[in-house]
Amino acid sequence: AAITKKRGLQAYDPKLHLAGIPLGQRQLTPYILGGTDIVCDGDDLHYVNNAAMQQEWDDIRRTCVVGLDLAHGTLEKRLGKEVTPETINYYLEVLNHAMPGAAIVQEHMVETHPAMVDDCYVKVFTGDDSLKDELDPQFVIDIDEMFTSQHAAQIKASIGKSSWQAVHIPTVVSRTADGGQTSRWMAMQVGMSFISAYHMCAGEAAVADLAFTAKHAGLVGMSEMLPARRARGPNEPGGLSFGHMADIIQTSRKFRDDPCKVALETCAAASMLYDQIWLGGYMSGGVGFTMYATAAYTNNVVDDDLYASVEYAWDKYNAGVGKTVAPSIDVIKDIGTWGTIYGLELYENCPTALEDHFGGSQRATVVAVSSGAAASIATGNSNAGLSAWYLSMYLHKEA
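Residue numbers for the sequence shown follow this note's numbering, so the first one is 3 and each next one is one higher.
In short, the hints are calculated from the structure, not lab data. Be a bit skeptical, because a hint or two may be false.
[Said to hold, decoys possible] Once the Cα atoms are required to be at most 30 Å apart in a straight line, the calculated DSBU-like pairs of lysine-lysine come out as: (1) Lys399 with Lys158; (2) Lys318 with Lys217; (3) Lys335 with Lys399; (4) Lys163 with Lys79; (5) Lys134 with Lys163; (6) Lys83 with Lys163; (7) Lys7 with Lys79; (8) Lys325 with Lys256; (9) Lys83 with Lys158; (10) Lys217 with Lys134; (11) Lys263 with Lys318; (12) Lys125 with Lys217; (13) Lys134 with Lys79; (14) Lys79 with Lys256; (15) Lys158 with Lys263; (16) Lys318 with Lys335; (17) Lys217 with Lys163; (18) Lys263 with Lys125; (19) Lys83 with Lys134; (20) Lys256 with Lys134; (21) Lys158 with Lys318; (22) Lys217 with Lys83; (23) Lys158 with Lys125; (24) Lys158 with Lys217; (25) Lys125 with Lys83; (26) Lys125 with Lys256; (27) Lys318 with Lys256; (28) Lys256 with Lys163; (29) Lys263 with Lys399; (30) Lys263 with Lys217; (31) Lys158 with Lys79; (32) Lys318 with Lys399; (33) Lys163 with Lys125; (34) Lys134 with Lys158; (35) Lys325 with Lys335.
The model shown is predicted, which means the values in this text are computed figures rather than measured ones.
Whenever a hint applies, use it, and build me the whole structure from the sequences.
Here you go:
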């Protein structure tokens, strides 16, 4: 009523059923967030009402990774500049000044208000321990500290001696513009910071090489552009690969001995982003696909199915963390079938679960994701999990 009075225009009325027809169950049972003791109302899980959901997507959209080696090669070979840990430290100091939207090199330029851009930062990571030790710790993502020793060794072996910048532009920028702005904003500030830190002439030809490196050659975006019919810029949700999403979710960094938890946390974050913000936004809008996605991360239904299916697979095939069974048609059929039957029987034995997951697509996805994830965890093979997912759908149809 207060909002209506302020607007001078009738709007949302939670007690109103247009045409006098009371449709649907207005009072929803509260939800438990999977893997936690948090109880919330269904309305709390609409992304418009949920700041955590918005921040998840903000943090992905505003992020890109940019290589340093190509730029350093340009500075050394084309301009004869010396690149040392000291010059890199100075460059990072300049860059963390410039990236939030502060002026560097140029004169008579406006700047952003620091309070509006205080979530912006750039850090570097490398597999070269000798270089890492020479860099200012405030600008370094220390792989050895952030990951277990085994995990860190794998990452450092993949990176090798190369160096990379993890860039997070201000949230307000990508919200006001779009994900395509992320790399442009980054590249402009990176270019100006190189000019300043290495005392370059802003108009010389090598600047074009630095710009190309930042915008294209050395850039790793979070997502790719889609075909025109669904196109937004890069770093928008439709083009975010499942593999990138699995890496973005940090659970595997801390819970190496609980692959089920890793899968569940990834499933929760991905279902929110893909089903609520992306598909729900385009295909439904309004109340959206909230009730479809919540089935994947509330009330511990997927959790129960997945842990039971993985326990079955590990017991039968003498597998476990770090010990997988070779994927085969028989193994996939066995794990996928057992997980599907277990999930469907859970719905039969627990009518409230059936009421909670009131749509057939919800139930099919819940059963399939737990069966598929169990097959992937047991075999260490993502394609095996995908096959178990499809098998589950067929079995559900025949059940």
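Outcome of the hint check:
With a CA separation close to 46 Å, the supplied pair lysine 399 and lysine 158 exceeds the 30 Å bound. At roughly 51 Å between alpha-carbon atoms, lysine 318 and lysine 217 are farther apart than 30 Å, so this suggested pair is violated. A threshold of 30 Å between alpha carbons decides the hint, and for lysine 335 with lysine 399 the separation of about 16 Å falls inside it, so the pair holds. In summary, the hint linking lysine 163 to lysine 79 is supported, as the alpha carbons are separated by about 19 Å, within the 30 Å threshold.
Using a Cα cut-off of 30 Å, the hinted pair lysine 134 and lysine 163 holds, with the two alpha carbons roughly 10 Å apart. Of the pairs offered as hints, the one joining lysine 83 and lysine 163 holds, with about 20 Å between alpha carbons and a cut-off of 30 Å not exceeded. Straight-line distance between C-alpha atoms of lysine 7 and lysine 79 comes to about 68 Å, which puts the hinted pair past the 30 Å bound. At most 30 Å may separate the alpha-carbon atoms for a hinted pair to count; lysine 325 and lysine 256 meet this at roughly 19 Å.
Using a Cα cut-off of 30 Å, the hinted pair lysine 83 and lysine 158 holds, with the two alpha carbons roughly 27 Å apart. Of the supplied pair hints, the one linking lysine 217 and lysine 134 holds, its CA atoms being roughly 25 Å apart against a limit of 30 Å. Restraint check for lysine 263 and lysine 318: the C-alpha separation of about 21 Å stays at or below 30 Å, so the hint holds. At most 30 Å may separate the alpha-carbon atoms for a hinted pair to count; lysine 125 and lysine 217 meet this at roughly 18 Å.
Under the criterion of a C-alpha separation no larger than 30 Å, the hint pairing lysine 134 with lysine 79 is consistent with the structure, at around 23 Å. Proposed proximity of lysine 79 and lysine 256 is contradicted: the alpha carbons are some 41 Å apart, above 30 Å. Taken as a hint, the lysine 158 and lysine 263 pair is honoured in the structure, with Cα atoms around 25 Å apart against an allowance of 30 Å. Only pairs whose Cα atoms come within 30 Å are accepted, and lysine 318 paired with lysine 335 is accepted, the gap being roughly 13 Å.
The suggested pairing of lysine 217 with lysine 163 holds, with an alpha-carbon distance near 22 Å, which does not exceed 30 Å. For a cut-off of 30 Å, the pair hint linking lysine 263 to lysine 125 stands: about 28 Å separates their Cα positions. Pair hint lysine 83 plus lysine 134 holds up; C-alpha atoms about 21 Å apart against a cutoff of 30 Å. A threshold of 30 Å between alpha carbons decides the hint, and for lysine 256 with lysine 134 the separation of about 22 Å falls inside it, so the pair holds.
Using a Cα cut-off of 30 Å, the hinted pair lysine 158 and lysine 318 is violated, with the two alpha carbons roughly 35 Å apart. Taken as a hint, the lysine 217 and lysine 83 pair is honoured in the structure, with Cα atoms around 22 Å apart against an allowance of 30 Å. As the CA atoms of lysine 158 and lysine 125 are separated by approximately 16 Å, the hinted pair is consistent with the 30 Å bound. Among the hinted pairs, lysine 158 with lysine 217 is consistent with the structure: their alpha-carbon atoms are about 25 Å apart, no more than 30 Å.
A C-alpha spacing of about 22 Å is found between lysine 125 and lysine 83, which places the hinted pair at or below 30 Å, so the restraint holds. For the hint linking lysine 125 to lysine 256, the alpha-carbon distance of about 21 Å falls within 30 Å, and the restraint holds. Note on lysine 318 and lysine 256: the hinted pairing holds, with a Cα-Cα distance of about 27 Å set against a maximum of 30 Å. This hinted pair checks out: lysine 256 and lysine 163 have alpha carbons roughly 25 Å apart, not beyond 30 Å.
Between the alpha carbons of lysine 263 and lysine 399 the distance comes to roughly 28 Å, so the proposed pair stays at or under 30 Å and holds. About 36 Å separates the Cα atoms of lysine 263 and lysine 217, which puts this hinted pair outside 30 Å; it is violated. Distance restraint check for lysine 158 and lysine 79: the Cα-Cα separation of roughly 27 Å lies within the 30 Å cut-off, and the hinted pair is therefore satisfied. Between lysine 318 and lysine 399 the CA atoms are separated by roughly 26 Å; this keeps the pair inside 30 Å, and the hint holds.
Under the criterion of a C-alpha separation no larger than 30 Å, the hint pairing lysine 163 with lysine 125 is consistent with the structure, at around 16 Å. Note on lysine 134 and lysine 158: the hinted pairing holds, with a Cα-Cα distance of about 12 Å set against a maximum of 30 Å. Distance hint between lysine 325 and lysine 335 is fulfilled; the C-alpha atoms sit about 20 Å from each other, no more than 30 Å.
Hints 1, 2, 7, 14, 21, 30, counting from the list given before, are not met by this structure.
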